[in-house]
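Kindly generate the complete structure, drawing on both the sequences and the hints.
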Amino acid sequence: FAGEPVNLRDQQDAIEFLNTVVDSLDEALKTLNLPQICSKVLGGKFADQKICKDCPHRYSREEDFTLISVDIRHSQNLKESLEQYVIGELLDGPNAYHCEKCNKKVDTIKRTCFKKLPTVLAIQLKRFDYDWERETPIKFNDYFEFPRELDMEPYTVQGLAKAEGIYVIDENTSDDQTSTNSNSNDGTCYKLVGIIVHMGQANGGHYYSFIQHKNESNSSHWYKFDDIDVSECKMDDDEELRSQCFGGDNPTSSFDQPPMKRQRRWWNGYILFYEKLSIDSSNSEDNLEKDFAQLQLYDQTQRMPLSVQRSVRKQNIKFLHNRILFSPEFFIFIKKLLQNNIHYLVNFIPQLQHEDKNSLTNTHEELALISIQIAIKFIFSIGWHSKKALRGQINEWIDPISHCLRLSRKARYYLADELLIKHPNRFHEYLIDCTSAEVRSGFSRILVVLARASRQDDENSNQSSDQILIEDTIITNVVRLLKKEMFDNIKTLTQYFQFFILYLSNGRYECEKLIHLNVPIIFATMAYDDTIISSIPRFGEPSKVSIILSTLIRCFDVSMLCKTRQSNNELLPNPYYAFDNSPLCSIPEDMINIIYKQENFLKRIIEEISSYDELFNLLRFLIWENPDITWIILHDIIGSLSKVYANDLRSLLHIIYVVLTIEDSWQEVRILYTLKGIPISNEIQIMNENSPTPLSSPPTTLNNNPLNNNNNNVSLNLFDIFLKLKSSHEKRAYQFLKMLCQLFTTCTKANNLLQTDQDIKHHWIQAVHWLRNQLERPNHIPTNYSYYQSQGQITNNDISQGYFLERTPSARSVLEKACDLCSDKENDDTGSNSDEGDEN
Numbered sequence: 011f012a013g014e015p016v017n018l019r020d021q022q023d024a025i026e027f028l029n030t031v032v033d034s035l036d037e038a039l040k041t042l043n044l045p046q047i048c049s050k051v052l053g054g055k056f057a058d059q060k061i062c063k064d065c066p067h068r069y070s071r072e073e074d075f076t077l078i079s080v081d082i083r084h085s086q087n088l089k090e091s092l093e094q095y096v097i098g099e100l101l102d103g104p105n106a107y108h109c110e111k112c113n114k115k116v117d118t119i120k121r122t123c124f125k126k127l128p129t130v131l132a133i134q135l136k137r138f139d140y141d142w143e144r145e146t147p148i149k150f151n152d153y154f155e156f157p158r159e160l161d162m163e164p165y166t167v168q169g170l171a172k173a174e175g176i177y178v179i180d181e182n183t184s185d186d187q188t189s190t191n192s193n194s195n196d197g198t199c200y201k202l203v204g205i206i207v208h209m210g211q212a213n214g215g216h217y218y219s220f221i222q223h224k225n226e227s228n229s230s231h232w233y234k235f236d237d238i239d240v241s242e243c244k245m246d247d248d249e250e251l252r253s254q255c256f257g258g259d260n261p262t263s264s265f266d267q268p269p270m271k272r273q274r275r276w277w278n279g280y281i282l283f284y285e286k287l288s289i290d291s292s293n294s295e296d297n298l299e300k301d302f303a304q305l306q307l308y309d310q311t312q313r314m315p316l317s318v319q320r321s322v323r324k325q326n327i328k329f330l331h332n333r334i335l336f337s338p339e340f341f342i343f344i345k346k347l348l349q350n351n352i353h354y355l356v357n358f359i360p361q362l363q364h365e366d367k368n369s370l371t372n373t374h375e376e377l378a379l380i381s382i383q384i385a386i387k388f389i390f391s392i393g394w395h396s397k398k399a400l401r402g403q404i405n406e407w408i409d410p411i412s413h414c415l416r417l418s419r420k421a422r423y424y425l426a427d428e429l430l431i432k433h434p435n436r437f438h439e440y441l442i443d444c445t446s447a448e449v450r451s452g453f454s455r456i457l458v459v460l461a462r463a464s465r466q467d468d469e470n471s472n473q474s475s476d477q478i479l480i481e482d483t484i485i486t487n488v489v490r491l492l493k494k495e496m497f498d499n500i501k502t503l504t505q506y507f508q509f510f511i512l513y514l515s516n517g518r519y520e521c522e523k524l525i526h527l528n529v530p531i532i533f534a535t536m537a538y539d540d541t542i543i544s545s546i547p548r549f550g551e552p553s554k555v556s557i558i559l560s561t562l563i564r565c566f567d568v569s570m571l572c573k574t575r576q577s578n579n580e581l582l583p584n585p586y587y588a589f590d591n592s593p594l595c596s597i598p599e600d601m602i603n604i605i606y607k608q609e610n611f612l613k614r615i616i617e618e619i620s621s622y623d624e625l626f627n628l629l630r631f632l633i634w635e636n637p638d639i640t641w642i643i644l645h646d647i648i649g650s651l652s653k654v655y656a657n658d659l660r661s662l663l664h665i666i667y668v669v670l671t672i673e674d675s676w677q678e679v680r681i682l683y684t685l686k687g688i689p690i691s692n693e694i695q696i697m698n699e700n701s702p703t704p705l706s707s708p709p710t711t712l713n714n715n716p717l718n719n720n721n722n723n724v725s726l727n728l729f730d731i732f733l734k735l736k737s738s739h740e741k742r743a744y745q746f747l748k749m750l751c752q753l754f755t756t757c758t759k760a761n762n763l764l765q766t767d768q769d770i771k772h773h774w775i776q777a778v779h780w781l782r783n784q785l786e787r788p789n790h791i792p793t794n795y796s797y798y799q800s801q802g803q804i805t806n807n808d809i810s811q812g813y814f815l816e817r818t819p820s821a822r823s824v825l826e827k828a829c830d831l832c833s834d835k836e837n838d839d840t841g842s843n844s845d846e847g848d849e850n
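Going by the numbering used here, the final residue of the sequence shown carries number 850, and the count climbs one at a time with no gaps.
Certain hints may be false.
As the list claims (entries may be wrong) - Only pairs whose alpha carbons sit at most 30 Å apart, straight line, appear in this in silico DSBU-like list of lysine-lysine: (1) Lys-345 <-> Lys-244; (2) Lys-432 <-> Lys-328; (3) Lys-120 <-> Lys-40; (4) Lys-345 <-> Lys-420; (5) Lys-397 <-> Lys-328; (6) Lys-523 <-> Lys-607; (7) Lys-420 <-> Lys-346; (8) Lys-345 <-> Lys-324; (9) Lys-136 <-> Lys-111; (10) Lys-397 <-> Lys-234; (11) Lys-771 <-> Lys-734; (12) Lys-234 <-> Lys-136; (13) Lys-759 <-> Lys-771; (14) Lys-741 <-> Lys-653; (15) Lys-40 <-> Lys-50; (16) Lys-234 <-> Lys-244; (17) Lys-613 <-> Lys-420; (18) Lys-734 <-> Lys-653; (19) Lys-89 <-> Lys-244; (20) Lys-286 <-> Lys-345; (21) Lys-328 <-> Lys-420; (22) Lys-40 <-> Lys-89; (23) Lys-89 <-> Lys-111; (24) Lys-346 <-> Lys-286; (25) Lys-324 <-> Lys-244; (26) Lys-50 <-> Lys-114; (27) Lys-432 <-> Lys-523; (28) Lys-120 <-> Lys-63; (29) Lys-324 <-> Lys-286; (30) Lys-201 <-> Lys-114; (31) Lys-40 <-> Lys-55; (32) Lys-115 <-> Lys-136; (33) Lys-324 <-> Lys-420; (34) Lys-89 <-> Lys-149; (35) Lys-63 <-> Lys-201; (36) Lys-387 <-> Lys-345; (37) Lys-172 <-> Lys-201.
Bear in mind the hints are in silico, worked out from the structure with no lab data behind them.
Keep in mind the model is a prediction, meaning the values are calculated, not measured.
Here it is in structure tokens:
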């Protein structure tokens, strides 16, 4: 502004800006020897009066103004503030005024009033001040009302003199000026035509305006101007004017607040604009029109240069063009056009194909091609660059495009040419750079539909083997983005990985295609590399990567890495393959190194497994008939059970339950290791002594695998951890018992071990007795203990926030099931022994 760049982020005061605009325009017009239009419209004159009380003399001095400021703190409305504005101040004693006519000091009233009123009166409401004690600016949101029509006569020189019953003749004013000034205020009535509202606090906020517009039929409408948004408003309604501009208390009521709670409106009127209503409105309007018609920035002989005229016309046309393109009507038109075309293709053409197949096929192809051309050009240039409120739901655009791609070969070729040849940058633009998650998701869906639909064209085209297929090119371009853009665009990777999930959802062929393009190795290397994965878990992306890898890894044949517990028995088929319980191909050596020789992969799965069924299936797939993987997972989980939070504890116990219920030949070994701590290496050592082929062959040996060490010491087991927790953290101990109860109830081998193994039975009965004591003991919670009174009735210990074990129906149900697993006599005998042990 004024030759200097304007920083839109800086907080600016509207009064300072208005004064700067008025001064700059008037100075520029004065330089061109043209009338100063701002001063002519907004400019008025003050009369600084000094009225002597001890003599009849009066003195007046004129001052120009374009805006007046009135106080709002000591008044409720504008009329009261204007009355305070023109109240005089008594100058007496040492401050007495020196009368030039009398040549002596006399008591004098000093006041300021209006001598000449402007065409448009601008009034500032002084809502801002500075608190010198706190050294901070403050804003007054006090209630202050102003009228729609304002009569300024009581505040003018003539109005005050009339009220005082005197005839005013200023001592320092000539007769010509007196006669002129006496007629200068014929019109003193004003009408409200504009309001500038400040919304916010003293340190920052936002300005918007309400402006009255009068059309040719002399009817007026109010409009709200809020930056680029202009909308009609109902400021003719007094209640609307009060709520939007007067400030004060705002009664509100919400579900979490007391009814009719009052709070200050922090949006209120700041600058008011009143337009003068002349006595003869028709003549004044004609005179005003003549005055504006005479105002010119250039002489009549000067014309706009042709180049400037063309530039302005070009910009206007471009503006109108963009305005039409981004209008709701145009979006609705394009959407309806595509939907009608698809409706015709899907419903009408198949009914008529028997009559003239060739002509209908051509019509079908041409109509689908035209539809896809319209859709693609529109969404890539306009539709997906607009707000969601304008474009609507993304499915309304994706569905017609998907139908076209499935029905028409020409439509598929056209889109493939647009994406793969003419505009390959759109992969990066709409999968990575795009800020709208919905648009990124829509683009990935289009790619999946195009890849699947073009497969039939690739199969029927009789292309040579060295030619690149459309489907392969799409996947290659998408995978290439991961290598280049992963670090800088972590937040947008959700929809990127969603592309592969959608693509794999179709079946075996898609898995074979991704395996052929080495996608599993690329994803596994990326997802489980400690040097690049550390920043991704904040955005939840590894779970999607793991879901993709789960499907792809379960397509590999890993039978060469498995071995049964009895070496002479046949290997049980893995039931957790992704498709038809059979593999698609052998596992590559690189995948073996990542999965079976690095513990990071398995640890990542445990961290991300949560409630994803796909990851549980991957875990079952890898553990099946593989003691190495079994030991790594169980050893890692059991070692961390006493260190994790309560929520993580439930998740880890569920993983243990899933691992122990895998019904392969190693199930009993896993259960014994978990419940008694018997090392799996003992079983492997026995097998290696009796088998010519050692179990832990080089391909399956993990780095630093403790299975390879001859350590026959008993490891930590679940019952050991339970004994430590039952005295220090009741709810954690209860979670152990609850999981074991589920295991013994649902797993046949675990139940058999419970009935036949005396150590397991002994520990179990002790655990059941402890649970019975906890549920039957008297409540001895201290009175000063904070017990979360706001929880209400607790129905499950998993969701309660207290420390002690709650007597919930679910806990009693667990106790009943646990007691059913052993006879009453065993429970009573062991319970009495436990009591004696506790007393000792």
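- [ ] Would you mind confirming whether the straight-line C-alpha gap from Lys-50 to Lys-114 stays at or under 30 Å?
- [x] violated (40 Å)
Task: Hinted pair Lys-89 and Lys-149, Cα distance within 30 Å - done: holds (22 Å)
Open item on the list: Tell me if the straight-line CA distance from Lys-328 to Lys-420 falls inside 30 Å.
Closed with: violated (33 Å)
Open item on the list: With the threshold set at 30 Å, check whether the alpha-carbon distance from Lys-613 to Lys-420 stays at or below it.
Closed with: violated (48 Å)
- [ ] Please work out if Lys-89 and Lys-111 have their alpha carbons no farther apart than 30 Å.
- [x] At roughly 36 Å apart (the allowed maximum being 30 Å), Lys-111 and Lys-89 break the hint.
TODO: For the pair we were handed, Lys-345 and Lys-420, check the Cα-Cα distance against 30 Å.
DONE: holds (21 Å)
Open item on the list: Can you confirm whether the C-alpha distance between Lys-234 and Lys-136 stays at or below 30 Å?
Closed with: holds (22 Å)
TODO: Sort out whether Lys-286 lies within 30 Å of Lys-346, counting only the CA atoms.
DONE: violated (51 Å)
TODO: Take the C-alpha atoms of Lys-420 and Lys-346, compute the straight-line distance between them, and say whether it is at most 30 Å.
DONE: Status holds; Cα separation ~22 Å.
- [ ] Could you grab the alpha-carbon distance between Lys-759 and Lys-771 and see if it respects the 30 Å cut-off?
- [x] holds (14 Å)
Open item on the list: Run the distance test for Lys-234 versus Lys-244: straight-line Cα separation, threshold 30 Å.
Closed with: Holds, at roughly 9 Å.
Open item on the list: Given the hinted pair Lys-89 and Lys-244, is their Cα-Cα distance within 30 Å?
Closed with: OK: Lys-89 and Lys-244 at ~24 Å, within 30 Å.
Hints 1, 3, 9, 17, 20, 21, 22, 23, 24, 25, 26, 29, 30, 32, 33 and 35 from the earlier list are contradicted by this structure; the remaining hints agree with it.
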